[in-house]
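Top to bottom, those sequences are chains A and B.
With positions in the first sequence counted from 1, the corresponding number in our numbering is that position plus 1.
With positions in the second sequence counted from 1, the corresponding number in our numbering is that position plus 73.
Note that these hints are calculated values from the structure, not bench results.
Keep in mind it's a predicted model, so treat the numbers as computed, not measured.
Keep in mind that the hints are not guaranteed to be accurate.
Claimed, not checked - What the simulated footprint calls covered on chain B by chain A, stretch by stretch (three residues with Cβ under 8 Å from a Cβ of chain A suffice, anywhere in the stretch; the number is not a length): (1) 203-211; (2) 242-250; (3) 271-277; (4) 281-292; (5) 387-397; (6) 418-432; (7) 632-641.
As the list claims (entries may be wrong) - Only pairs whose alpha carbons sit at most 25 Å apart, straight line, appear in this in silico DMTMM-like list of lysine to aspartate or glutamate: (8) A:K404 to A:D434; (9) A:K204 to B:E243; (10) B:K279 to A:D434; (11) A:K327 to B:E175; (12) A:K250 to B:D472.
What the hints assert, rightly or not - Derived DEER-like restraints, expressed as beta-carbon distance ranges: (13) B:K149 to A:Y265: 48 to 58 Å; (14) B:K86 to A:T535: 34 to 44 Å; (15) A:Y265 to B:Y246: 32 to 42 Å; (16) B:K149 to A:Q401: 55 to 65 Å; (17) B:K86 to A:C520: 27 to 37 Å; (18) A:N253 to B:D300: 39 to 49 Å; (19) A:V328 to B:K149: 14 to 24 Å.
Glycine residues also receive a C-beta, built at the ideal position from the N, C-alpha and C atoms.
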Amino acid sequence: MWLTRFLLCALLCFHRLFVADARSDVYSEELVIKRLPSQNMAAHFRFTTTSAELGVHYDLFPRVIGEFVTTYNLSELHLSLTQGIWRTDYWGFAPQPSSPSGAQVYAWFDGDSSSVDERWANLVHSLSGFFCTSLLQIVPGLTARPQLSFRPAGAVSTGIVDFSMGRYAALSSEPVCTENLTPWKKLLPCKEAGISSLLHPIKFYEAQYHSLSVDVIQLCPNGASTCARPNWQVSQNLLVVTDLPLGSKVLNWNLRSLFDGEIYKKCDLAKSSHILAEVDDQLNPEYSHTPDATLKFRDGRKFVSFDVSKTKLPLNVGAKYKDRLKVKSPNPPSISIHSYIGGSGQQDGQIVTRLVNRDEANHRAVYTHVIPWFLRVYYHTIEMDCEGGNSNAIGEGVIQTKKFTPAKDRGAPYLLELDVNLPAQSTCHLSIDFDKSFLRWTEYPPDANKGFFVPPPSLVFRPTDWSNVTVLGGQRTTTMEELNGAVTSPLVVMYGEALLVSLPTPDFSMPYNVICLVCTVIALCFGPIHSLTTKCLLLKFEDKDAPQTLLGKLKAKLMKIVDKVRRKGKAVESADVKKKDEVSKKTD
Amino acid sequence: MRSLTRSDGRPPKWLNGLRRKANALCALLYVAGLIYLACIVWPSFNDRTYFSENALLPGLVDDEFVHRERTNTFAKQLREVVQTRYGKEYGMPHDWLLEQLESIGLEAYAQNFTAFLPGISGAVEGTNIFAVMRAARAPSVESIVVAVPFRSNTLGSIGLALSLASFCREQIYWSKDLIFVFTEHETIGMQAWLSAYHRLPISSLKADPLAAHGGAIQAALALEATDGSTPFSNVDIRYNMINGQLPNLDLVNLLVKMTEKEALVPTLYMQEDPHGQDLYTEKGYWKLAKTSFKGIVAQAFSRADSGLHSVFGAYGVQAVTISPYGKGRTKSQGGWVDIGRLLEGGLRSVNNLLEKFHQSFFFYFLPSTHRYVSIGVFMPAIGLLMGPVLIKALCVWLDLNDEGESSADGDAKAKKETKSESALAVLPLIVIAHSCGALLYFLPYLLFNAQASISTNDQQLFQAIATIAITLPICPWIIQRNLADKDFGVPSMVVLRVVALLELALIVGVTAVLNFGIAVLVAIFVAPISTITIPFRSKIGWALNSMALVLLHPLVACCVALGVYTALTVPVPPTPSWLAQRAFEQTVDVTVGFIRDSLVYQSHLYAFFTLALFPIWMMFWTIVHHRSE
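Could you put together the complete structure from these sequences and hints?
Here is the structure:
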């Protein structure tokens, strides 16, 4: 008995050891902490799990995500949930993959192209259920098929991108809260150890901005665009920007102050587990835990790196500053995008996007905007006016390619994709006019007078200077990999502001009044119109003898009635007489 | 339709009765209308204000703004900067404001604008400073505006706004961005900012595009307190916007409630409410009546000079100006901090809103800060006052039928011809009257081209308008003389009268829905005279009627009204010549002001007078001066 127990135990231990060695899934985690140009602190968590195969057995790769991929035959999946907006002018380019305010989901499918719509709808339902979001309204009214942007970030099985296989949707009205964070956290292999032990919701929801995302892509060895057996990679990103310490003006930070916690335990499942802090020389910080830290350099930028698996725990990384907070004027990055609604009133308006290129060189960029069908935009009103210091640049900005997909009422949104050339040192206003449409009364959401959200436009471009990029790393690589020499992903995606448009809204609080008014009007109109159209007009000769006074009229009427009654009586009498006659005849 | 005809083609009996007693009925309706208007001010006939929008939760939070020191420091620094830079001639220290706003953690920007105004040679140039306080975690889709005009005597208000901005920046509960705007040149700056914010360009106002936006503006609060008026005892709440637009009553209620929470007394048109026990007394009634009358006049002739809030209406933004002032009594120690708390409370309530303001009334007038008269209550007054005009038009039309019937012994065909001929004969007169109105309307645009800055001053502009407005009435008379082949007989004048009466009723009826103030004033003063205007045969009647019409000429009426107002408000009894001069000067101001408002703020007042009222007046003028031969 004792022996068998011992043997079983030993077997189990061996098995564990064996499996750990032969683990095909790779999990790595990193946290990049950076002081933004505006002096806010940004913290970017990146958890990456890679698996060679998705199927029956799951090791570290989240099973739910694997099942999404296999059930709906996905080639790629991106989901982000964001509270607030990344303020590019103050904070620099958003770390990639970036995300707009609210929710954004896009996916690329494999297999049969005819069932993509159905699979997309089911996928959105599944995601909505799993992440506790209310994404259902994006199918089908907000789903677009972009061609120029939101292309697959990873490898594609066929090697060629088929645009009919991609679906994109954004929902700006989606509020993000702890109920979204919990399922997101459940996907991690280590939930209470390593870097993920810093994920405390209270601090995140106090912050100025936070965004969480799940990106599933396929990767080929050596970055090839297609291969026979690509690896599946799910990367989970969480980005937080904290507020400025305007009250205390103290710039010091550490893990405890940023996340309300320290790292007490390392994650044994992680292949690599790093905390990286970018050194900002101007403010003379002193980093704690310096003996354990190593310095890393890239493009003239300096990072302090802490390996969580090798440092003494508990780990509370931090920096102390001699200087105090001084709020600075913004130093916006070379390109920025802002959107707003022009016009006033209930009838029409204009979507305006301000594109600024502060660079010395012209920039090619792709502008994408998904506009809900209830704003009826006019293609011919697309206009791009540029003003700038460079005399050549003044005048109309150059739109190289226009791709415009018209909307279907309640079926599909407008999709506007423009390949634009932003002249050097210029400010361009891209505008498109719209009419507001009437909705059916059941289509208004609760709080109908709040207005309707329009997802923000996005701008994709290739920056020339990488020192501008806030956090290294992208869809395919982590910051640590890039510090170790990996190739940077070449594109930056940035988003404008979400827009709130108020549509003509019926007064839902006064249905009674409306019903009364409408009924009265109908009743008043109906009577005369009905009688005029159905009666025939006859010439009537005036009766000279007719009584003129009220009393006379009443008397005449009374006499008429009396006369009638009398006549009836007579008729009955005569009938009786006839009957009697008949009876008498029969008896005869 | 059916009620006016019977199957035998004759008017129904009740119509004959109406025609017989038309004059008495007209007088009765008119008097009833006046009495009705007087009655609805009495508290028994109107209601207490209440909050419709539950989300506002007014006054439920503990106000936390206590920064007396900070407020005073900002104001003191600003005064010093203005003093050292500009001496006695004040100027706006743009860079200092930008620096301060940035140092308290706001996104601060400047906006340049250039306005070309009639009556002012050269362009008016200015720079607005605005700062956006971004709400944490919010995606910048909604915002609230706090606006303060930069003036030599509003430095204290700007100090308070800066201090309030720094306080708000430290709070974490904002769901909407706050935008603080400091405007140069008062409402011109505000209009420039708003037109750029909504990208609605105005030809006479060139405004640079804004560098930042905050989404849909949910409400705007303008602050305007004169320096040196502390300690404040009262807060004047100004709500009239251009074109007679009014902000949602919930916003007005909110500010009244917040003012009272800070132990200050809210006023409308600097007029305190009657006290509780006085409400149902005669003394209270006169107070209510005075406030109501001021409200109606303010709505009718709403200009941009009543505060920064007045230009928000055109953009569908609910806005109110709060203007604290002291009455010398130091009963309550109202300082800047109290006003700061008032604003804080207002902003936090609006911040709670889930939807834009839509619940409460948009059409109302206020007899006091706590009582309102809604559109359902005041509209019958328009019906009663304009009833006589419609009845008269109907009777005159029916009389015309009867006249034709009785005079023409021949067949019906000839009768019809004379009627249609007389109707056609007045057509040129109608067209001429309206063309004269159009000429007056376009005159300022012709004289003053916004791009080519022809230097016209107020006087010249007014003279041009006055000359045309006064000489034009001769026009129809000359035409009558010269077109001798047309027979402008009495029936044609009667047709013209029907047209004029109907047009008047139509215009007043339509305007009443949009701007009750101007409609009711026109109804009170124009309706009775228009009803009795006929082609007189007796000299005395003709003279009296002409006199009345001369008084009703928009320019004359304006001059007389201003003269009467001045005579009533000036403490010392003025000499007639001084009074006349003063009234004339004010008329020039008001006329040019209307034109300026229509150019810069899209005010429709000048259009209403020239395109609607003046043609009607000319038609009546023609009727009176018709001489049957």
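Open item on the list: Using C-beta distances, would you say chain A covers the segment 242-250 of chain B, given that this needs three or more residues below 8 Å?
Closed with: It holds, with 3 qualifying residues against the three required.
TODO: Examine the segment 387-397 of chain B: at least three residues should have C-beta closer than 8 Å to a C-beta of chain A.
DONE: holds (count 3)
Open item on the list: Check the hint pairing B:K279 with A:D434 against an upper bound of 25 Å on the C-alpha distance.
Closed with: With a Cα-Cα distance of about 22 Å, the restraint between B:K279 and A:D434 holds, given a limit of 25 Å.
TODO: Go ahead and decide if the range 27 to 37 Å is satisfied by the Cβ distance of B:K86 to A:C520.
DONE: Holds - the Cβ-Cβ distance for B:K86 and A:C520, about 30 Å, lies within 27 to 37 Å.
- [ ] Could you check the hint for me, namely that B:K149 and A:Y265 are 48 to 58 Å apart, CB to CB?
- [x] At roughly 52 Å between Cβ atoms, A:Y265 and B:K149 fall inside 48 to 58 Å, so the hint holds.
TODO: State whether the coverage of the segment 271-277 of chain B by chain A holds or is violated, taking the criterion as 3 or more residues with Cβ-Cβ distances under 8 Å.
DONE: holds (count 3)
Open item on the list: Can you confirm whether the C-alpha distance between A:K250 and B:D472 stays at or below 25 Å?
Closed with: violated, 87 Å
- [ ] Would you check the hint for A:K327 and B:E175, treating anything up to 25 Å between C-alpha atoms as holding?
- [x] holds, 10 Å
Open item on the list: Verify the CB-CB distance for A:N253 and B:D300 against the hinted window 39 to 49 Å.
Closed with: About 42 Å separates the Cβ atoms of A:N253 and B:D300, which means 39 to 49 Å holds.
Open item on the list: Using a Cβ cutoff of 8 Å, are there at least 3 residues of the segment 203-211 of chain B near chain A, or does the coverage claim fail?
Closed with: holds (count 4)
Open item on the list: Looking only at beta-carbon atoms, does the pair B:K149, A:Q401 fall within the given range of 55 to 65 Å?
Closed with: holds, 56 Å
Task: Assertion that chain A covers the segment 281-292 of chain B - criterion: three or more residues, beta-carbon distance below 8 Å - done: It holds, with 5 qualifying residues against the three required.
In this structure, the earlier hints numbered 7, 12, 14 are contradicted, and the remaining ones agree with it.
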